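*Asks:* Given next are the chains, with one letter for each unit.
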Amino acid sequence: MTHTARTVEIDFEPIGKRVDVPSDTHLLDAARQAGIGLASVCGGEGTCGRCRVVIMSGEVTPPVDADRRFLSQLELTSSQRLACRTHALSDVKVHVPKASLVTDQRLQVDGATRQLQIDQTIRAYEVEVPAPTLHDLRADVERVIDGLETAHGLRKLSAEPVVIRSLSPLARRTEWRLAAYVRSHEIVGFAAPGRRAMGLAVDLGTTKIAGYLVDLETGEELAATGLMNPQIGYGEDVISRLVHADRGSEGAHELARVVRQGLNDLIGTLTDQAGVAREQIAEACIVGNTAMTHLLLKLPVRQLAVSPFVAAASSALDVKARELDLDIAPGAYVHILPGIGGFIGADHVAMIIGSELDHLPHAALGLDIGTNTEIALHRPDEKYLTSASCASGPAFEGAHIRDGMRASTGAIEAMRITDAGITIKTVGDAPAVGLCGSGIIDAIAEMHRTGIIDRRGRIQPAAPHVRRGERGYEMPIVPGARSGTGRDIVITQQDVNEIQLAKGAIVAGLETLIEATHTNVEEIRDVIVAGAFGSYLNLDSALVIGLLPRLPQARYTQVGNAAGVGAKMALLSHKARAHGQQIARRTGYIELTTYPGFNRRFALSMLFPDNHSAALPQPNPLDADGSTAPHVFTRMNADKNNARSLFQGGTSR
Amino acid sequence: MSKPLIDAITDMREEDAVQLAQELLDQGTAPLDILEQCREAMAVVGQRFEAGDCFVPELILAGEILRQVSDIVKPKLTATATGKKVGRVVIGTVEGDIHDIGKDIVTFMLDVNGFEVRDLGVDVPASKFVEAVKQFQPQVVGLSGFLTLAYDPMKNTVQALKDAGLRGKVKIMIGGGQMDDQIRQYTGADAYGKDAMAAVALAKSWVK
Chain A
192 MTHTARTVEI
202 DFEPIGKRVD
212 VPSDTHLLDA
222 ARQAGIGLAS
232 VCGGEGTCGR
242 CRVVIMSGEV
252 TPPVDADRRF
262 LSQLELTSSQ
272 RLACRTHALS
282 DVKVHVPKAS
292 LVTDQRLQVD
302 GATRQLQIDQ
312 TIRAYEVEVP
322 APTLHDLRAD
332 VERVIDGLET
342 AHGLRKLSAE
352 PVVIRSLSPL
362 ARRTEWRLAA
372 YVRSHEIVGF
382 AAPGRRAMGL
392 AVDLGTTKIA
402 GYLVDLETGE
412 ELAATGLMNP
422 QIGYGEDVIS
432 RLVHADRGSE
442 GAHELARVVR
452 QGLNDLIGTL
462 TDQAGVAREQ
472 IAEACIVGNT
482 AMTHLLLKLP
492 VRQLAVSPFV
502 AAASSALDVK
512 ARELDLDIAP
522 GAYVHILPGI
532 GGFIGADHVA
542 MIIGSELDHL
552 PHAALGLDIG
562 TNTEIALHRP
572 DEKYLTSASC
582 ASGPAFEGAH
592 IRDGMRASTG
602 AIEAMRITDA
612 GITIKTVGDA
622 PAVGLCGSGI
632 IDAIAEMHRT
642 GIIDRRGRIQ
652 PAAPHVRRGE
662 RGYEMPIVPG
672 ARSGTGRDIV
682 ITQQDVNEIQ
692 LAKGAIVAGL
702 ETLIEATHTN
712 VEEIRDVIVA
722 GAFGSYLNLD
732 SALVIGLLPR
742 LPQARYTQVG
752 NAAGVGAKMA
762 LLSHKARAHG
772 QQIARRTGYI
782 ELTTYPGFNR
792 RFALSMLFPD
802 NHSAALPQPN
812 PLDADGSTAP
822 HVFTRMNADK
832 NNARSLFQGG
842 TSR
Chain B
385 MSKPLIDAIT
395 DMREEDAVQL
405 AQELLDQGTA
415 PLDILEQCRE
425 AMAVVGQRFE
435 AGDCFVPELI
445 LAGEILRQVS
455 DIVKPKLTAT
465 ATGKKVGRVV
475 IGTVEGDIHD
485 IGKDIVTFML
495 DVNGFEVRDL
505 GVDVPASKFV
515 EAVKQFQPQV
525 VGLSGFLTLA
535 YDPMKNTVQA
545 LKDAGLRGKV
555 KIMIGGGQMD
565 DQIRQYTGAD
575 AYGKDAMAAV
585 ALAKSWVK
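Sequence order for the protein chains is A and B.
The working numbering applies: residue 192 is where the first sequence begins, and numbers increase by one.
The working numbering applies: residue 385 is where the second sequence begins, and numbers increase by one.
It is possible that part of the hints are untrue.
[As the list claims (entries may be wrong)] Some chain B residues close to chain A (C-beta under 7 Å, calculated; not the full set):
1) F439
2) L445
3) E448
4) G480
5) I482
6) L504
7) D507
8) P509
9) T532
10) L533
[Unchecked claim] Computed Cβ-Cβ distance ranges for the label pairs, DEER-style:
11) A:P743 - B:G505: 40 to 46 Å
12) A:G788 - B:Q562: 25 to 31 Å
13) A:H553 - B:D410: 45 to 51 Å
14) B:K387 - A:P743: 41 to 47 Å
15) B:D437 - A:P253: 42 to 48 Å
16) A:Q311 - B:G505: 49 to 55 Å
17) B:D437 - A:H765: 54 to 60 Å
18) B:I456 - A:Y575: 39 to 45 Å
In case anyone wonders, no lab produced these hints; they're calculated from the structure.
Since the structure is predicted, the reported quantities are computational estimates derived from the model, not experimental observations.
By construction, the Cβ of each residue, glycine as well, lies at the ideal position given by its N, Cα and C atoms.
Okay, chain B solo, but in the shape it has when bound (with noise of 0.2 Å):
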């Protein structure tokens, strides 16, 4: 079957894909379906991103274009039901570091697997991550970070949800530029993604 959506995605013709979408839609294609399209075409970009076929503003774009979309098709997930959610996420990154395309990546691969993800944005505290996991109860935290700077706040953070009583409860993840799993022994995380792929896989295997 042929899938001019994906295609329009993997093809990075955004008006197209949404416009696509729209139309979908109008048709009567089930939601779920046209997400389902959506991750296909993210594994598209994802397998060409590993292959060296692709970059990082290609999948921030790709990412882009699937917010678009699924901003169109949410509204009516919810009035179709059958949205069950796999796990909560709590993903941000922390303070005093303000990249977000990795996390954003990250954050669009665990939506379309599934996950209900609250994205904290950047330059997040650790009281805000408390905050958020006693509000949200994720099972999954997500720190992301790009400088070795971020070292520090994510060793805070880790510590300030130790304070507070809630380490037992999440599992936490790091990911960004420069981290590995010696930084993720500093820090006192659970484990590192080196990728998006990797992130999903782990919040996964926790939620299991």
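With the rest of the complex left out, here is chain A (with noise of 0.2 Å):
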């Protein structure tokens, strides 16, 4: 090669990871920098088309022979490209297929598994009816519905033509014995027999999805997977997306369209791995934010980006899975649960349907932290719950940090500063190549608790690890020998002040619903910490950080995946859809940004508590004076035996 490479900054999609590369560095060795798991057989030679890759923006070489000889004619003029054949022009962004990918990305799928209450949304029957003769000419579809009345007095069924127009066939090739998936007084589809009526429920998250495929008669968990939502080419965020929608007539298809591929890609993976057809999805339940909601159903989103950002619709629906696109039974619905208000959707009304958190005895908080952070607050001497919803953004999933990236294999998910140097623990105990939230969180903490950082979260330049990088001061955590990437993995200053603005909005969110609602924060017996970041967060670090309220670490539950919990619920019974409708008309919502004082405190929130000498695991109380208390959260009783250690509720001073 003659030509002077320069040098181009290559974003990885879904994955999330940047790497800046020479311009003749193929997309395979640039993945390889970033420490992404691309498959590859042959080695990079061209020969075995695994490594293939979507271009979304940016400019790259040409197609080569060996494009064209595992790629399609339609796949090449929809930018895919070999990801070892093809090096970037400009700065690219590449999103690379999961079927690309050799190693899965953790997800988090499971939530605490509670009894699940079944009263069966749809019936499967089986039946066996008589093949026409010349002297019995009932129509197909009549002659089931006729089947299914005598063998088990069911009345008035019918069946739309789509439903019917898989009968005929299906009915022939088994030889008339069949089993038919009845939702109230419609068929929804007919199976083979023997095929249980299986039931999708999806938790539609900004960044992540997470899919679970459920036995409808017995609630069994069939299969369970998870998927970066593909929207995420669009923005991370939710504005972004929105304002995406909005502009001209095909940003709002476009971004439908992606999301529906996704869900029947996530659809084909958890069919795969029950090893059930895609007819035998009689019934599916998803769960989102309402932007996510809105976006899936085509509505109307300018309203809901501007204020007073209403939405479109909020009411729980039920829309036939094909006018979604979904390949599942021909007549199945999706139960959309209901939305609360602004950006808080169904699956707030989720979580708290899969937490329970409505049925506690004493005031409870349940936070569901993502890119948005939706917080309830449970007071039962209130007949309602009240809400509010944080932008917090997407750093805890790994955007946005340097060297940032989301819970896969090589992840640094747990890491201590000693006296004897710096350990961390990454996902799979594999070499390290970046950090994940419950890492980036850990790290902060103790760059807190040693010193390193002050409350301001400067990095102060004499303190130990800390060096003089390109953008200010730095801490290196794993050199570039050891990494997995030949890179060192470091925490900058501007990671810190990312990780700072998360802070700052969730807390800023919590004091505001707190205050709103009059709570005495004393009375707040029970945190439930839902979402995935939250299930693998070190408590210990979120409260050194000053993340999460400093009560005593009995009162906080990790739940896990409640959204999608609550949407196995709503997809099993009439009752949990009914409870949902209930806690949507019974959520109160608060809109922080408007909400007087918001910025002044989310300013304050984003100080560090001051706790010098702070010893982990056990957080420790604050100065006796509380002078330095900048907010409620760090404001505690110096309880020298610290088993009791609460802060006083309220801002007073």
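Combine both chains into one complex, guided by the hints.
*Replies:* Here's what the structure looks like:
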């Protein structure tokens, strides 16, 4: 090669890793440098066709013979390439399809298991009817409906043409023995006998999608999987996606198309795992924040993006799965749980259903930490809950952090600083390639505990481990010689700031909620922390940096994906759906951004609590006079035995 | 001369700063001198911000501290007179947008630089801008917006001022997350400012 190589930035989505490489570096090499397990059997020779990627933006080299061998013309024109045969000519954004990854990302799919109530939203009936003869000319569907009435006493059944269409060939293949999936009086699908009715529950997150395949009769979970939301390429936060959807006539279609495709991929993985047919999925329940459900349903979003942020629809909806291009039973419905207000949507209702927050006999907080962090406060003395949504951003999911990544193989998930140096724990005990949310929180907490950063979050130039980086001071965690990428893994000043912003948003939201409801913090007996990040989070570290209220640790429960559990419950039960309606009706909503004094609170909440010489794991009390406490969560009684350390309610000075 | 007030503000020690300002007043320090110290402190914070040694929430916090200090000092200022203003500015975040952090910082910086500022708040309809310009008769109008969705409301606001026959009487500057000179052209404003310092420089150049 004679041309001079420039440095270009390759942004791998939806993993969210960026890497700077010379422009003559193949994308496969760039992926390796970024620590991404892009599949390659041939080792980059262009002979296996496994390292298929999609160029989402930017310029790359034109296709070569190897690309043409493995990719159709259509795929080539839709910017698919073999990573080992392609290099970037400018900064590019590359989508890595799931099939091209060797390692699965660790996504939260399991929620705390609880006894699921089942009152069969769908019932499967087996039926055998006589084949038509010249003396029995009843039409196919009437024949089966008659059979169902005779055998099971079902009356007034009907089926849509699209369901009937699947019946005629199927019935002849199975010699008129069939399973019919019945929803109220409607047959939503037919299947071969013995095929049980399945349900699909989906927690459609801004960043991640979790899916569950459940037996609708027994409630048994047969498969669970996760997927990055493919809309990420259109913006990491909900507002930028809404803005994209509002742009021109194509934006909304595009966003709906990619997420629907993602859901179909998810369904494919689930049915493969469980060994069932897609047509067996007779009902689905999808939850998501208001923006996610609007984009999925192609509801208008402009009014949601601008003040006063109103949804086009927030009641519970039953829509045909085929209207959402979902390839399941032809007549199947998708139930969308109701939303509450603003961006607080069905996922929050599902989280409350799943955690049973509103059934607790005392005041309790429920937090679902994610790109948007939703918080609900339950007070048994009040007849309703109060919720707020904080724009915490994707930092906890690894985005906007120099060496941030999601919790996949090689991600640092825990970190400690001791006299002997820095110790780390990575996902899969693989060589470190970056930091995931829990690792970042640990790192910041340790930097704070050891005085490497001050109250304002400034890295102290003279502190141990600190060095001058390209953009200010930074702390190396793993030297390039020992990392999985060959590069140093560091925490920069900007990384600390990003975490401060996220923490500030959550704490300010919590404080506002507590203040607006006139709740005394001591009354809060339970704090339920939901969501993937929340369940891997090291509570000690969260308390050290002041991310969570300093209540005794025994009051905290990390419940995993409660929204997913709630979606499953609503999938299986009419009662759970009714509960969802009730929650939506009875939950008040506080718009934080316009709440008086919110900005000041946000700015104050971004500071770190003063806790010099804090010794982990026990979060230590603050200075006895509390003079340095900037906000309620750090203002606690200095109770020496620390057993019942509480902080005082309110913001009294 | 040591300036504990400046240090308190730049160190984000809210309560100390307010207390120090009160003490200075009690000791008979001229209100204008105290405000001058505030301006110096804000300049330090602004320099740190530019150098990447401080970030947006700290600007909010500094602004908040300074607002509290000026709340104490300003009432005394009218008593001692000489609070001569260099010009008047009407500012607000345009309709549909509720982002106020940037706008608040600009408002504060204009204020400490001697402008009389009428802040219309957030989600301000074009008609309210028109009304404020009629009443307050500013030389400068500042339109703030964070989202790309703010482009059209900005354009509409400029148009509304034009329709009301006020366009020739004011200079209009825009600012916020996504703004640049192309957007300025689109909206029909006179200039865009990339940060609070730029906004002050623009306003100063227009009231000369």
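*Asks:* It remains to establish, for every hint, whether it holds in the given structure.
*Replies:* Now the hints, each set against the structure:
| no. | hint | in the structure |
| --- | --- | --- |
| 1 | F439 | 5 Å, holds |
| 2 | L445 | 4 Å, holds |
| 3 | E448 | 5 Å, holds |
| 4 | G480 | 3 Å, holds |
| 5 | I482 | 5 Å, holds |
| 6 | L504 | 14 Å, violated |
| 7 | D507 | 4 Å, holds |
| 8 | P509 | 11 Å, violated |
| 9 | T532 | 5 Å, holds |
| 10 | L533 | 6 Å, holds |
| 11 | A:P743 - B:G505: 40 to 46 Å | 41 Å, holds |
| 12 | A:G788 - B:Q562: 25 to 31 Å | 27 Å, holds |
| 13 | A:H553 - B:D410: 45 to 51 Å | 48 Å, holds |
| 14 | B:K387 - A:P743: 41 to 47 Å | 44 Å, holds |
| 15 | B:D437 - A:P253: 42 to 48 Å | 45 Å, holds |
| 16 | A:Q311 - B:G505: 49 to 55 Å | 53 Å, holds |
| 17 | B:D437 - A:H765: 54 to 60 Å | 58 Å, holds |
| 18 | B:I456 - A:Y575: 39 to 45 Å | 40 Å, holds |
Consistency note: the structure conflicts with the earlier hints numbered 6, 8.
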